[in-house]
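A.B. asks: Sequence:
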Amino acid sequence: MANSDNERPVHVDLAAPCGVPGDNRVVMIRCVIAVPRHATLSSVALAADLLGVAAVTAGGPPGPHSTVIASVDGGDVQFGTATLRATSVLARTTECDVIWVAGFWGTPARGIDDNAELVAWLTARHEQGSLIAGHGPAAFLLAEAGLLDGRLATAFISQAAEFARRFPAVDLQPSRLITDAGGVFCCVGMNSAADLLVMLIERTFGRQVARSVAQWALSDSRRNYETGMTAFGGQKYHGDSDIAKVQGYLEQHFTEPLALRDVARTFGMSARTLTRRFKAATGERPRDYLGRLRVEAAKDLLRETQLSIAEISSRVGYRDAGALYSMFAKHDGTRPSDYRPITRLPPGP
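Quick note on UniProt numbering: the sequence shown kicks off at 1 and runs consecutively.
A hint or two may mislead.
Said to hold, decoys possible - Cβ pair distances, simulated, as ranges:
no., residue 1, residue 2, range
1, Thr-305, Ala-45, 28 to 34 Å
2, Glu-311, Asp-262, 24 to 30 Å
3, Thr-123, Gly-74, 15 to 21 Å
4, Gly-75, Ala-280, 43 to 49 Å
5, Trp-105, Asp-240, 39 to 45 Å
These are calculated hints, taken from the structure and not from any lab test. Yeah, the Cβ is synthetic: ideal placement off N, Cα and C, and Gly gets one too.
Take the sequences, apply the hints, and build the full model.
C.D. replies: See the structure below:
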């Protein structure tokens with residue numbers, strides 16, 4: 001999108017190589033850091049650094065506008081003694097592939113009350129299909145926008161009770177550091193924020209760029225997350241209570257050998273009826289949903305353990321490693337052995 005010399009850019013197109021072999025075209029990745037009122041500088045700066053490095057690594061433009069920083073009114077944002085110059089105003093920033101909603105200081109109630117424009121903006125961007133991630137208390141803004149109804153989310157433990165009271169329709173799991181609810185993400189803490197940003201970079205700029213950013217940004221720390229600290233939450237706001245129960249069953253039993261006909265029989269359906277209703281409600285077949293659950297669990301084990309891929313395959317419900325490789329290729333376009341270097345750091349001395 002062109003801008004005149006005296007206009008602030010609405011967004012910047014970050015050029016990333018197209019993923020089709022032999023295709024010299026570029027994919028234009030548009031990243032926006034949404035700055036709420038009372039935002040924390042660390043949350044904004046971390047995203048600006050990692051997304052900016054991703055853009056440069058992928059061949060995009062360097063400089064202060066590598067990632068758009070959009071404030072509610074387009075004005076500069078004060079952080080104590082520091083001032084951040086916004087490069088856009090939210091109302092004019094309408095084309096976004098990835099949105100990082102920065103965390104904020106103060107009570108969640110104040111954050112919601114003072115950021116009504118941002119909440120409405122998030123609703124509109126979600127309807128357009130943008131990937132949206134909220135850092136820390138920003139989960140309250142995502143929930144207020146209706147993005148988390150019937151979906152998985154996390155929040156600071158100290159704020160969990162208030163979150164649950166305000167948003168009873170959200171599947172809140174405060175023990176998780178990162179949650180993925182089908183393109184709407186939440187995280188708590190700075191280390192998990194860096195991890196989530198790398199995940200978003202992998203989805204948009206590709207695996208090679210994500211690996212480079214991870215090696216640069218994460219090499220000075222040692223992740224020690226417990227198994228299951230990252231969670232995938234599937235589409236559950238569809239209104240079909242029977243299918244929601246099936247989803248819960250799959251999430252509880254995905255490590256076991258599961259046959260579609262047996263699952264269908266458990267819920268009083270034929271395999272054909274279950275498949276039809278499941279796809280109508282969630283947009284995917286039960287087998288694909290189960291595969292995604294197993295892939296996400298395998299990612300946790302790849303990051304956190306020294307287990308072989310064959311052992312991991314067995315732990316997440318597959319009889320052999322070949323099945324796990326097929327699921328990674330289908331859902332992520334990668335291999336388990338490729339994923340480990342991106343997210344798992346070498347062991348300490």
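A.B. asks: All hints are to be evaluated individually against the structure, with a verdict given for each.
C.D. replies: How the hints compare with the structure:
1. Thr-305 x Ala-45: 28 to 34 Å: holds, 32 Å
2. Glu-311 x Asp-262: 24 to 30 Å: Holds: the Cβ-Cβ distance is about 25 Å, inside 24 to 30 Å.
3. Thr-123 x Gly-74: 15 to 21 Å: holds, 20 Å
4. Gly-75 x Ala-280: 43 to 49 Å: About 46 Å separates the Cβ atoms of Gly-75 and Ala-280, which means 43 to 49 Å holds.
5. Trp-105 x Asp-240: 39 to 45 Å: Taking Cβ atoms as reference, Trp-105 and Asp-240 lie about 40 Å apart, which means the hint holds.
The structure shown violates none of the earlier numbered hints.
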